[in-house]
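Relying on the hints, combine the two individually framed chains into one complex.
Residue numbers (this note's numbering), protein chains in the order written: chain A, 2 to 268; chain B, 236 to 467.
Careful, some of the hints might be misleading.
In silico lysine to aspartate or glutamate, DMTMM-like type, Cα no more than 25 angstroms apart, as pairs [unchecked claim]:
#, chain 1, residue 1, chain 2, residue 2
1, A, K265, A, E183
2, B, K262, A, E254
3, B, K262, A, E161
4, A, K265, A, D179
5, B, K262, B, D309
6, B, K447, B, D417
7, A, K265, A, E81
8, A, K56, A, E161
9, B, K262, A, D179
10, B, K262, B, D315
11, B, K262, B, E341
12, B, K262, A, E183
Over 12 angstroms on every C-beta distance to chain A, these chain B residues come out as not near it, computed from the model [as the list claims (entries may be wrong)]:
#, residue
13, P268
14, S274
15, R294
16, D298
17, D300
18, L307
19, R317
20, T358
21, D362
22, G376
23, N389
24, S402
25, D404
26, D406
27, R438
28, R442
Rather than coming from a laboratory, the hints here were simulated on the basis of the structure.
Even for Gly, the Cβ is constructed at its ideal location relative to N, Cα and C.
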Amino acid sequence: MTLITLSLWDLSLAALLVIALALLSFQMKLGVSRSIIVAALRTVIQLLLIGLILKWLFGTTHPGWLILVSLIMLLAAGREVMVRQQRRFAGIQSFALGTVSLFISTIVVTLLVLTVVISADPWYTPQYAIPLLGMMFGNTMNGIALGLDRLTQTAWQQREVIEARLTLGQTPLQAISDIRRESTRSGMIPIINAMAVAGIVSLPGMMTGQIMAGADPMDAVSYQILIMFMVTAGTGLGTIFAVAMASRHLFDERERLRLDRLQKAVV
Amino acid sequence: MRYAIARDTIEKFGGYALSHLQINNLKTHHLGPINLTVSDGSAISIRGNSGAGKSLLLRAIADLDPHQGEVLLDDVSSNDYRGSQWRQRVGYLPAMSQWWGDGVREHFIHAIDQSLLASWLNTLELDEAILDAPISTLSSGERQRVALLRLLANQPQALLLDEPTASLDHDNTLRVEKLVADYQAQHRCIVIWVSHDPEQLARVASRHFIIKQGQLVPLPASQTQALLGAPA
Numbered sequence: 002m003t004l005i006t007l008s009l010w011d012l013s014l015a016a017l018l019v020i021a022l023a024l025l026s027f028q029m030k031l032g033v034s035r036s037i038i039v040a041a042l043r044t045v046i047q048l049l050l051i052g053l054i055l056k057w058l059f060g061t062t063h064p065g066w067l068i069l070v071s072l073i074m075l076l077a078a079g080r081e082v083m084v085r086q087q088r089r090f091a092g093i094q095s096f097a098l099g100t101v102s103l104f105i106s107t108i109v110v111t112l113l114v115l116t117v118v119i120s121a122d123p124w125y126t127p128q129y130a131i132p133l134l135g136m137m138f139g140n141t142m143n144g145i146a147l148g149l150d151r152l153t154q155t156a157w158q159q160r161e162v163i164e165a166r167l168t169l170g171q172t173p174l175q176a177i178s179d180i181r182r183e184s185t186r187s188g189m190i191p192i193i194n195a196m197a198v199a200g201i202v203s204l205p206g207m208m209t210g211q212i213m214a215g216a217d218p219m220d221a222v223s224y225q226i227l228i229m230f231m232v233t234a235g236t237g238l239g240t241i242f243a244v245a246m247a248s249r250h251l252f253d254e255r256e257r258l259r260l261d262r263l264q265k266a267v268v
Numbered sequence: 236m237r238y239a240i241a242r243d244t245i246e247k248f249g250g251y252a253l254s255h256l257q258i259n260n261l262k263t264h265h266l267g268p269i270n271l272t273v274s275d276g277s278a279i280s281i282r283g284n285s286g287a288g289k290s291l292l293l294r295a296i297a298d299l300d301p302h303q304g305e306v307l308l309d310d311v312s313s314n315d316y317r318g319s320q321w322r323q324r325v326g327y328l329p330a331m332s333q334w335w336g337d338g339v340r341e342h343f344i345h346a347i348d349q350s351l352l353a354s355w356l357n358t359l360e361l362d363e364a365i366l367d368a369p370i371s372t373l374s375s376g377e378r379q380r381v382a383l384l385r386l387l388a389n390q391p392q393a394l395l396l397d398e399p400t401a402s403l404d405h406d407n408t409l410r411v412e413k414l415v416a417d418y419q420a421q422h423r424c425i426v427i428w429v430s431h432d433p434e435q436l437a438r439v440a441s442r443h444f445i446i447k448q449g450q451l452v453p454l455p456a457s458q459t460q461a462l463l464g465a466p467a
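Okay, chain B solo, but in the shape it has when bound (with noise of 0.2 angstroms):
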């Protein structure tokens, strides 16, 4: 039934429907309840000290800790999926990468269309030699991109990205964020977007929001700018 509907929504929107993320209640042991919704393939932002839980947010939308309390994409709990389809949908990028084969290559979970993945290293403006290179010979900036391709390359349609810009200059920098618009906009996907760096919270991310004593307070439209500026 609930299938049956977003597959109707899909064919309205030619090829991807408008996802929407829903939390409600979501508890762990240094969080919650949180409630929120992302809806219409929107972005938001989210702030907050070190150590505050940003993180642990993010693992639990992914379903990687325990916790209580529901997440549903698209009208579907994560309880209706298998934890490794669940997560193909939601795609979770940690703020460090992790590899565990020599290549780049072998890191790509499934197939993925060839001339997808050259224009997005068009976008990120790596060479495509990179997908064969070792894993050693790649600097840290460059891992970080690769992280978010091999990511992408899933096909999520939620995209929860932990600090995806941490170690890159401002040009690789925004080179990221237009390929994350670029993949939002043709995915119709909701963005949820950590970083500490507020200017890049203020460009990628509609509506913002800020984690205080395990609280996911929003910060309000006309607030917004002044906050974002101001320390935590």
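Excised from the complex, chain A in its bound form (with noise of 0.2 angstroms):
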């Protein structure tokens, strides 16, 4: 089985959906024509420049590279984490808290699996440590953005509730409690939901890549289940990592609620 490939003008037939939907919006006064056409754009420009840079990083196997993708992926990804809250914490915090959620949860199990689980050898074969991390900062990204933006988001709304719990003695993460585990909760539902799914509602896209690229069914089948469950383990550990430090941190060293650290996102 060989695979077709796609021609520049194949390409340009499924861009002119994309168009239709643009003016659709536009004439429907959506607001989103904009976001569309830019959004369109950015995934042709980024996707052929991973494509030119994928091609280069597999003809050579030498570590520095593959950390220094993977360094540009996530500050990337941590940068997508702080311009998704509403709500965030001023300056260089919000980007940090993000962006070592990121790295914790998502550098810890990808490196876990590709010792333990493939024994790709070397570990750093960027053919297969290059999609999983891709994979794993995409998904755990989605999960801390929505915790973290639920969480500043309910704190604004709930604040004299939390403040009274404060009043009457409570402590910080006991008058945050319930918050932080919506919070955690709501970054965590849309993987678990996506396992519920995966092979009856929906198809994950990597398998359906690998099965038209010409993959026997069943090996794809396993990889997709590996990356399923990496992400969410990934997402998991991300989410409550990220959920966890923010709580604490939207209160100072007198066990005050400290919103004044949270600005408005500027749109």
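Here it is, written out as structure tokens:
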């Protein structure tokens, strides 16, 4: 079975679909036409770039390049987590919070899988490491961003309730416990739902891609299961960590609620 | 050392020592510097126009807002306690009560002696069944009174009351005043009472203050009655 290579013409036809959607949105005054076009352009440029980089990277096996590429992915994902917050911690803290959470969850799980499960030789074989990291960052980022956004928004809306609990002598941990639990859960729910419907309602993208590229369906399924488990573990860990750190940072050393540490995103 | 002295004093007075609260150079964005000593388990009143900073002062004393200066209860600085411990000793009752659970009972943070709680409910002429009622069924006046009970249940040694009878009729206002007076007599705690009602302030406090331009100004005893009647 050979892979049918897509031509520029084929992709242009697909692009017409997106342009049609943008036009429709414009007509309906949804205010997202611009975002659709910009995001579509970003998809094209970013994917072409990563394609070129991967093509070159697969030719080398020096771990230094791999580390550099994953570092760039990490920083980009950390920035993305930050800009998705409606109310975020002021200054560098917001970026650091997302990036550190991403690093801890993603790097730990990916290294574990590369060395113990796949046993690639060497472990930094880019053909495995880069796609796995990409899948991990993409999904973990979503969970962390959702969890943090929910936490800061709810804390803002319920500031009086949180302060009432502090006033009655509860510790910050007790005063924000409900909100923290809800936020962590909302970060984890999408990936849990994705696992639950995988193969029935949705055919996961990576598996679909592998099958179209000519891989044996059972091999593709095995990898998809591996990815699902990795992504779930990474998203869960990352969200729990990020929401815990952020909850703590909403209070100061005198156990006061400090929402002045948050700033509203300029849209 | 400080605790040893406190215990000694407690024994002398048979249960609770007369509390005193000391505020040194308290300063926030809008207030201060404020110096105030409330001693011997006494009560003071604070009035002032809306937005003068009465609530901000109480919040700073309860250490809910960042501030400069020092607040001491029975010679121990708030900084020697964790924030949560301090707020259990210095009980602040905000003007608006907030509720997070479904029922009344889950808003009591610590276990409390049920017969004591029953006697408080009795003073307020509230039915004991109110403890098992859903919050959503309580009127604003009931919420205000139950909010006071959940605060007293922490057994604070200082009470900061921000318009605690704002949504109550005259009879219930007097009942709340009686409960606070009973609690104060028994615990020998200090009370800072904020209200817009000059008659009430004359009933509940022995010294009177007014907040003007961020400063806490004492009303001299001789002029207190006259000034309390006059607009701020």
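Going through the hints against the structure:
A hinted pair counts as satisfied when its Cα atoms are at most 25 angstroms apart, and K265 (chain A) with E183 (chain A) qualifies at roughly 21 angstroms. For a cut-off of 25 angstroms, the pair hint linking K262 (chain B) to E254 (chain A) stands: about 18 angstroms separates their Cα positions. Pair hint K262 (chain B) plus E161 (chain A) holds up; C-alpha atoms about 23 angstroms apart against a cutoff of 25 angstroms. For the proposed pair K265 (chain A) and D179 (chain A), the alpha carbon gap of about 23 angstroms is at most 25 angstroms, so the pair holds.
Distance hint between K262 (chain B) and D309 (chain B) is fulfilled; the C-alpha atoms sit about 21 angstroms from each other, no more than 25 angstroms. Restraint check for K447 (chain B) and D417 (chain B): not satisfied, since their Cα atoms lie roughly 31 angstroms apart, outside the 25 angstroms limit. Among the hinted pairs, K265 (chain A) with E81 (chain A) is consistent with the structure: their alpha-carbon atoms are about 16 angstroms apart, no more than 25 angstroms. A distance of roughly 55 angstroms separates the Cα atoms of K56 (chain A) and E161 (chain A); the hinted pair therefore is violated under the 25 angstroms criterion.
Between K262 (chain B) and D179 (chain A) the CA atoms are separated by roughly 33 angstroms; this puts the pair beyond 25 angstroms, and the hint is violated. Simply put, K262 (chain B) and D315 (chain B) have alpha-carbon atoms about 19 angstroms apart, close enough for the 25 angstroms limit, and the pair holds. With a C-alpha separation of about 35 angstroms, the suggested pairing of K262 (chain B) with E341 (chain B) is violated against the 25 angstroms cut-off. Using a Cα cut-off of 25 angstroms, the hinted pair K262 (chain B) and E183 (chain A) is violated, with the two alpha carbons roughly 37 angstroms apart.
Its beta-carbon lying about 19 angstroms from the closest one in chain A, P268 (chain B) satisfies the requirement of being farther than 12 angstroms from that chain. With a cut of 12 angstroms on Cβ distances, S274 (chain B) stays outside the contact zone with chain A, its closest approach being about 24 angstroms. R294 (chain B), annotated as away from the interface, has a beta carbon of chain A within 12 angstroms; the closest lies near 9 angstroms. Not every C-beta of chain A lies more than 12 angstroms from that of D298 (chain B), the closest at about 6 angstroms, which undercuts listing it as non-interface.
With a minimum CB-CB distance of about 7 angstroms to chain A, D300 (chain B) fails to clear the 12 angstroms threshold, and the non-interface call is violated. At roughly 15 angstroms, the least C-beta separation between L307 (chain B) and chain A is larger than 12 angstroms, which holds for a residue marked as non-interface. A Cβ of chain A approaches the Cβ of R317 (chain B) within 12 angstroms, the least distance being about 6 angstroms, so the stated non-interface status is violated. Against chain A, the non-interface label of T358 (chain B) holds: every CB pair exceeds 12 angstroms, the least being about 21 angstroms.
Every CB of chain A is more than 12 angstroms from the CB of D362 (chain B) (nearest about 23 angstroms), matching its label as outside the interface. Against chain A, the non-interface label of G376 (chain B) holds: every CB pair exceeds 12 angstroms, the least being about 18 angstroms. Distance check for N389 (chain B) against chain A: the nearest CB is about 6 angstroms away, which does not clear 12 angstroms, and the non-interface claim fails. With a closest Cβ-Cβ approach of about 17 angstroms to chain A, S402 (chain B) is found to remain outside the 12 angstroms limit, as its non-interface label requires.
Every beta carbon of chain A lies more than 12 angstroms from that of D404 (chain B), the smallest distance being close to 25 angstroms; the non-interface claim holds. No Cβ of chain A comes within 12 angstroms of the Cβ of D406 (chain B); the nearest lies about 27 angstroms off, and the non-interface call holds. The non-interface label for R438 (chain B) is consistent with chain A: the shortest C-beta to C-beta separation is roughly 25 angstroms, beyond 12 angstroms. Distance check for R442 (chain B) against chain A: the nearest CB is about 25 angstroms away, which clears 12 angstroms, and the non-interface claim stands.
Checked against the numbered hints given earlier, this structure breaks hints 6, 8, 9, 11, 12, 15, 16, 17, 19 and 23; the rest are met.
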